[in-house]
Every structure is written in structure tokens, then in C-alpha cells.
Amino acid sequence: SRPPPRPLPPRDRRHLVTVALFPGSFDPFHNGHLEVVERAAKLFDEVVVAAVRNPQKSEPPFSIAERTEMLEESLSHLPRVRIVGVTTLVVNVASEVGATAIVKGLRAVSDFENELQMAQMNRQLSGVETVFIPTSSAHSFIASRLLREVARFGGDVTAFVPESVALRLDKQFGHDGDDPEPGGPAGR
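Counting in the working numbering, the sequence shown runs from 799 upward without gaps.
You can take every hint at face value.
Cβ pair distances, simulated, as ranges: (1) L914 to S935: 19 to 29 Å; (2) S893 to E871: 21 to 31 Å; (3) A936 to N890: 30 to 40 Å; (4) T885 to M919: 15 to 25 Å; (5) L914 to S893: 17 to 27 Å.
Keep in mind that the hints were calculated from the coordinates and are not lab data.
Yeah, the Cβ is synthetic: ideal placement off N, Cα and C, and Gly gets one too.
Model the full structure from these sequences, guided by the hints.
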């Protein structure tokens with residue numbers, strides 16, 4: 799085991815440029831994600847939002863290029879945020895972008911159990927710390943997989959995602975203003 803990194807002397811801390819990496823599959827990007835990015839942008843000099851391919855999840859409806867475009871559209875109001883699309887380990891991306899921290903959003907205790915294990919692994923691999931930002935209760939129930947299901951059956955997800963994402967979901971699932979299908983999640 800290696801020793802923990804030495805803290806910077808107090809006078810040098812004010813000159814430290816802090817870069818946060820916020821990785822996720824973002825399939826689709828939703829208002830809970832948006833809240834975390836906006837809050838992280840207040841804490842860090844720069845936030846790099848990385849759309850990543852998660853091999854543990856099924857094939858996503860949107861490619862990394864499409865997710866990157868949705869992120870750019872949804873986050874254009876934040877000047878110190880940049881977007882990348884990647885297919886490598888998060889710690890590799892953190893190194894490439896010069897991240898001083900990885901930011902993860904938490905909705906519930908169940909998220910924390912999984913995220914804590916990943917944070918510990920990432921720290922062992924790279925020394926990069928993870929900062930957890932809990933979402934507000936207004937967004938704590940929003941999950942990308944639920945949004946995909948609702949959208950797939952023609953349900954209205956506009957209250958849960960940025961406008962450009964809602965339009966892409968409608969187009970992806972072929973609803974472009976159609977009435978919701980009866981029996982889907984929105985019709986139950």
C-alpha cells in the first residue's frame with residue numbers, strides 16, 4: 799500500500815486549479831445529472847462531463863456521439879464545463895483531463911454502497927479522490943433506465959429531462975408527438 803499524497807502547503811492551495819470529472823453513461827442525461835453538474839460547477843474551476851460506455855449495462859439506445867451531443871446541448875449554459883465521450887477506465891480519463899477529483903451523484907443509500915466501492919478502487923488505482931453530491935429530493939427518484947422505459951412506451955418525460963433530450967427520446971422511440979401507447983408505464 800502506498801502512502802497518502804502529501805497535502806499542499808496552505809499558501810499554494812489558492813493557486814490550485816481544480817478539475818472535476820463527472821463520468822456516467824448518461825443514457826439519457828436527466829435533470830438529476832444536470833443538478834449535479836450545476837452544483838459541481840460551483841465547487842470546481844472546471845467540470846469535465848464524460849459520457850462513458852458501461853459494459854455492465856445493456857446496449858444503450860444512444861451512441862456515445864449522440865450522448866455527447868445531448869450533453870453539449872443540455873450544458874451549454876455552463877461556461878466552465880466541457881464534454882468528452884470515452885470508452886476507457888474512468889481513472890484513465892481523470893488522468894488525461896487532469897482531474898483533481900471524480901464527482902458522483904447520489905440518489906439513495908443504495909447508490910452509495912456501489913459508488914463507495916468504485917471510489918475506493920479508483921483511489922487505489924490513481925490516487926484521485928471522489929466527491930459525492932447528493933441530489934435534491936425533487937430528483938432522487940429519476941433514473942435513466944426508468945426514463946427509457948417510460949419514453950419507449952410513449953410516456954411524457956419532459957418534466958425529468960432537458961428539452962433537447964426529450965426531443966431525442968421522442969425521435970428515438972418513434973413517438974414524435976404520438977399519443978402514448980396504452981398499457982405502457984405512462985398508461986398504468
